[in-house]
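J.: Sequence:
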Amino acid sequence: MKVLLINGSPHKNGCTCTALSEVAAALQADGVETGIFHIGGAPVGGCVGCGGCAKAGKCVFGGPVADVLPLAEQADGFVFGAPVHYATASASMLGFLHRLGMSGGKYLRHKPAAVITSARRAGTTTALEAMEKIPQFFEMPLISSTYWPMVHGSSADQVQLDEEGCQIMRNLGHNMAWLLRCIEAGKAAGIDAPVAENSKRTNFIR
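Everything in the sequence shown is counted per the working numbering, starting at 1 for the first residue and increasing by one.
Among these hints, one or two may not hold up.
DSSO-like, lysine-lysine: derived pairs with alpha carbons at most 30 Å apart [as the list claims (entries may be wrong)]:
1) Lys133 to Lys55
2) Lys2 to Lys187
3) Lys200 to Lys133
4) Lys58 to Lys187
5) Lys106 to Lys12
6) Lys106 to Lys58
Label-pair distances were calculated between CB atoms; the ranges are [as the list claims (entries may be wrong)]:
7) Ala25 to Ala56: 34 to 44 Å
8) Pro43 to Gly105: 17 to 27 Å
9) Lys133 to Cys182: 42 to 52 Å
10) Pro70 to Ile205: 32 to 42 Å
11) Gln167 to Asn203: 43 to 53 Å
12) Thr126 to Val60: 27 to 37 Å
13) Ala91 to Asp192: 29 to 39 Å
14) Lys55 to Ala122: 18 to 28 Å
15) Ala122 to Gly57: 37 to 47 Å
16) Leu161 to Ser199: 46 to 56 Å
17) Lys12 to Cys50: 27 to 37 Å
18) Tyr86 to Gly49: 22 to 32 Å
19) Leu142 to Ala29: 14 to 24 Å
Derived by calculation from the structure, the hints in this document are not laboratory data.
All figures in this text were calculated on a predicted structure; none of them were measured in a lab.
For every residue, glycine included, the Cβ atom is placed at its ideal position computed from N, Cα and C.
The whole structure should be built from the sequences, with the hints applied where relevant.
T.: Now the structure itself:
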């Protein structure tokens with residue numbers, strides 16, 4: 001089993017990475033392979049609705065959204081992490097998630113996902129809510145922990161001093177490993193993922 005952890009911070013080894021590393025350590029302790037993918041420090045724009053990915057099989061604007069697709073295809077679960085910027089998840093991470101959903105949603109469906117965030121002080125819950133929208137759209141079971149999955153600090157060293165936050169990250173990792181084993185056991189018992197109804201597309205007028 002493999003879990004792909006996405007670092008949506010512009011800083012590769014900062015607060016978000018520290019939190020993701022706690023999750024990864026718990027997963028590894030439970031026998032789950034992990035890898036952390038950094039989206040990079042360059043700005044990542046959002047989806048422009050061009051439809052090019054439907055033909056190309058990946059986002060035609062390239063960058064980390066295209067680079068991550070081979071890893072996403074092989075992953076059994078995901079952890080999406082981002083820092084708080086102006087009381088929501090970083091803009092690059094939101095752009096990355098939107099474009100990943102449009103161009104690689106087939107690699108996400110029904111796979112367990114977790115979202116985590118880091119902040120100096122506030123804005124964590126709104127950041128979590130913003131990131132949760134993509135997993136919810138693709139029927140991904142959301143992994144919870146013993147508190148909302150957030151850490152606090154202005155540096156990696158400070159995050160490590162957030163003992164409860166790091167504990168929450170480890171508990172999240174163990175919960176994800178447990179659910180992955182449950183899914184694996186279900187598949188072995190012949191239990192397949194449900195096929196969703198998807199024939200109705202309406203708006204608020206009709």
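J.: Each hint should be assessed against the structure and marked as holding or not.
T.: Each hint tested on the structure:
no.: 1; hint: Lys133 to Lys55; verdict: 25 Å, holds
no.: 2; hint: Lys2 to Lys187; verdict: 16 Å, holds
no.: 3; hint: Lys200 to Lys133; verdict: 20 Å, holds
no.: 4; hint: Lys58 to Lys187; verdict: 29 Å, holds
no.: 5; hint: Lys106 to Lys12; verdict: 27 Å, holds
no.: 6; hint: Lys106 to Lys58; verdict: 11 Å, holds
no.: 7; hint: Ala25 to Ala56: 34 to 44 Å; verdict: 37 Å, holds
no.: 8; hint: Pro43 to Gly105: 17 to 27 Å; verdict: 23 Å, holds
no.: 9; hint: Lys133 to Cys182: 42 to 52 Å; verdict: 25 Å, violated
no.: 10; hint: Pro70 to Ile205: 32 to 42 Å; verdict: 41 Å, holds
no.: 11; hint: Gln167 to Asn203: 43 to 53 Å; verdict: 44 Å, holds
no.: 12; hint: Thr126 to Val60: 27 to 37 Å; verdict: 31 Å, holds
no.: 13; hint: Ala91 to Asp192: 29 to 39 Å; verdict: 38 Å, holds
no.: 14; hint: Lys55 to Ala122: 18 to 28 Å; verdict: 43 Å, violated
no.: 15; hint: Ala122 to Gly57: 37 to 47 Å; verdict: 40 Å, holds
no.: 16; hint: Leu161 to Ser199: 46 to 56 Å; verdict: 52 Å, holds
no.: 17; hint: Lys12 to Cys50: 27 to 37 Å; verdict: 29 Å, holds
no.: 18; hint: Tyr86 to Gly49: 22 to 32 Å; verdict: 24 Å, holds
no.: 19; hint: Leu142 to Ala29: 14 to 24 Å; verdict: 22 Å, holds
Violation of the numbered hints given earlier is confined to hints 9 and 14; the remaining hints are satisfied by the structure.
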